[in-house]
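Colleague: Chain by chain, the residues run as shown.
There are 2 protein chains.
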Amino acid sequence: MSDYHPMWKSLGLDLAAHDAMLQSVGQAYQETFLSQPNRPEGMKYFDFVISEVHGLRIKELLDAKAQGRKVIGSYCTFVPEELILALDGVSVGLCTGGDFALDLVDQVLPRNTCSLIKSAFGFKLGKVCPYIESCDLVVGENTCDGKKKAYEIMRRFIPNLHVIDLPQVKSEAGKGLLLAEYKRFAAKLEELTGRKLELGKLKAAIVTVNAKRAALKRLAALRQADPAPISGLDALLVSQVSFYDDPVRFTGAVSALCDELEKRVAAGQGVFAPKRPRLVISGCPMAFPNWKLPAILESSGAVIVGEESCVGERSTRWLTPENGNSVDEAIAQLVDRYLQIECAVFTPNPTRIEYAEQITRERKADGVVHYSLQFCQPYQMEAGPVVEQLEKDSIPALRIDTDYSREDEGQIRTRVEAFLERLHA
Amino acid sequence: MSDYHPMWKSLGLDLAAHDAMLQSVGQAYQETFLSQPNRPEGMKYFDFVISEVHGLRIKELLDAKAQGRKVIGSYCTFVPEELILALDGVSVGLCTGGDFALDLVDQVLPRNTCSLIKSAFGFKLGKVCPYIESCDLVVGENTCDGKKKAYEIMRRFIPNLHVIDLPQVKSEAGKGLLLAEYKRFAAKLEELTGRKLELGKLKAAIVTVNAKRAALKRLAALRQADPAPISGLDALLVSQVSFYDDPVRFTGAVSALCDELEKRVAAGQGVFAPKRPRLVISGCPMAFPNWKLPAILESSGAVIVGEESCVGERSTRWLTPENGNSVDEAIAQLVDRYLQIECAVFTPNPTRIEYAEQITRERKADGVVHYSLQFCQPYQMEAGPVVEQLEKDSIPALRIDTDYSREDEGQIRTRVEAFLERLHA
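If you read the sequences in order, they're chains A and B.
Take the first sequence: its letters are residues 1 to 425, numbered as in our numbering.
Take the second sequence: its letters are residues 1 to 425, numbered as in our numbering.
Hints are computed from structural coordinates only; laboratory data are not their basis.
The reader is advised that the hints may include incorrect statements.
What the hints assert, rightly or not - Taking lysine to any residue and the SDA-like style, the derived pairs with C-alpha atoms no more than 25 Å apart in a straight line are: (1) A:K175 to B:K9; (2) A:K392 to A:D328; (3) B:K275 to B:R218; (4) B:K9 to B:G42; (5) A:K196 to B:L339; (6) B:K203 to B:Q107; (7) A:K170 to B:K275; (8) B:K175 to A:Q67; (9) A:K392 to B:R156; (10) A:K170 to B:G324; (11) B:K175 to A:S171; (12) A:K175 to B:A173; (13) A:K392 to B:K275; (14) B:K170 to A:A180; (15) B:K170 to A:D328; (16) B:K127 to A:P385; (17) A:K175 to B:G324; (18) B:K170 to A:R155; (19) A:K170 to B:R184; (20) A:K183 to B:A173; (21) A:K127 to A:K170; (22) B:K183 to A:S171.
These numbers come from a predicted model, not from an experiment.
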């Protein structure tokens, strides 16, 4: 393993804090992932990616920059990576999955802010995220109130911040607004890269991203098998890596993993012993390295077979048509595609529960765990009606509202165990 | 005083709970308002309105309904009452200023919900609001995440609910969205009333509402005088009544009050003894009967001379042009007018702080109290930067985050006293 300290130093990281963080995440990874039994061989690629997530991948980004490409970081699946790729940019998701530098965060954000937003600030203020320090542009988006207003504050620390406005209703006017915003984003990228958005490159980018999403859809569908051929933790990890990795290489690795899982399924082999309660998770995204709830669920004896989440199937369900005849038409097709995302920031948002129920049936799941972050108003507001509807439709549902701290792990485990007993009864 | 119990019963109120609430609010009114020294004679009208706010005013609404007019209730200053009046509707603000039936509210809303939203639900679920029970249509609006998602739940209890979508950015696309939404609202009102929106009646409605706002602006400007001719509590009460009362009658009463205050100012008479610290409040709206913070401020020895708030000057600062040549043009002028409102749901929202500083200077205020409700993400997020900017501009600022409970009154009073001492020093 190379010594990346000079590279991290050149990015302005706090080396001591960063080393401590890497060690802590590495240990959690060891305990949570590497200790799992019977993992697919194909996960070795993702283990390697994680081991080099702040190393080799950052070197790749810096090499790309040296070749004149731009690195664009973002926090949300509403940021259309097709536009970034079409302009030879590198699209990376930014760190939001762990508590860091909370003392600094609490000086600029209200305490009543969700862990995901606090984390985005913590990684920046604590100087432990080589991704954000490599970015030529950071892209925010007006999804929830928390993020929308936090970006105003983030601009102090990240002047090269572009915020995409979003509608709150999937109306014609809302669609028009998003179209205007995607075009404004494209213009910003053209300005940044000094390139012109061309139809051929945009279509190629759409093909690349579609291939990535199709591979992830194939992985999701394989989890229908009973017994499940892959743990929920590993499937989540693959989704998490999708935000960091080179899309073409990633697609190849996911495809190879799927080939292996298909053989497992054909042979009736599962990752765990049979008869485990099967669960679907629905709710807030779980960004790297947020593994708290799935780790509790699977170490309590369940297997997760689907994620109705933005780090999960909400990001991959829909592909974009590849037949646009002009840049404008292709962008309009992107708008149609992205506006299908069933984020709780939209009102109303009825298809989210429909999809949660659909995959619960398709994957033969025994129940749904609704996951919301404390102070995430959109998902906490939807939690009540979603859980109510699931139970009404005879799908047992457990509501977990939590944050990134470890304080409530015992309490959650107790509730999870009671829920799993109910599923067995 | 008439016995309104048969009327309340006919509206389906919980009579025992409603009697208890009236008694509690009446007592608070006695202690907070009627005990104030040296009140203007003109406040007697508002005392009367409050004493009949669930009585005579409700009878007026029911009489209007009997004559074929429709009653439209709303929760936000983004609902254009001009459209309601132009279609012979009666526009009323709905109760959101006090805790009620919290046990029922907690069954349908997350605990992490602001008091204002909880209050809206409490008055409905507790069956103690004759306004909402008189409504032919309730109008919501997608301002914050909390309200946006709460309206989805409210629809269970209030099927006749129309929600106006709002943009999050004051862009051209955002303006287009609001225009489409105001037209959709007008169409909804046309359908409800069976009338057609006509230019003449719309212009007359704009004149009526402008006159109301102009009277309130005149009242606000009179508070520049030192000593202030009216208490902040009484000025707030006038703003609160503006959401309930008949607009023409209300405008007359405010004008009469202003005539009286002008004489006070000319004579150098103040409502309090001179040399009180003068404060501006900036932040969340204080709906009837939420008087907690101003009561603490003025009983601690300050006088409030301005409200940068939606129950306050944010609702009245801008008038609408009265020269529209078509219904479409007049609606577009309304959109331009309403989109100036400096609500924290917009990003960015720089003119809010500018106006807070402007009235602080104009009214010769010694400091600003920033008021946000717990779990109100937009205002809690703006609180930090607003307070910071004020202090940077040498305006002492105190940040209060609270709710409708009385538990923290002692703690707030202590902080207020320390702040007032700082102003004197």
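Colleague: Quick check: which numbered hints come out false for this structure?
Modeller: Hint check: 1, 2, 4, 5, 6, 7, 8, 10, 13, 17, 21 fail, others pass.
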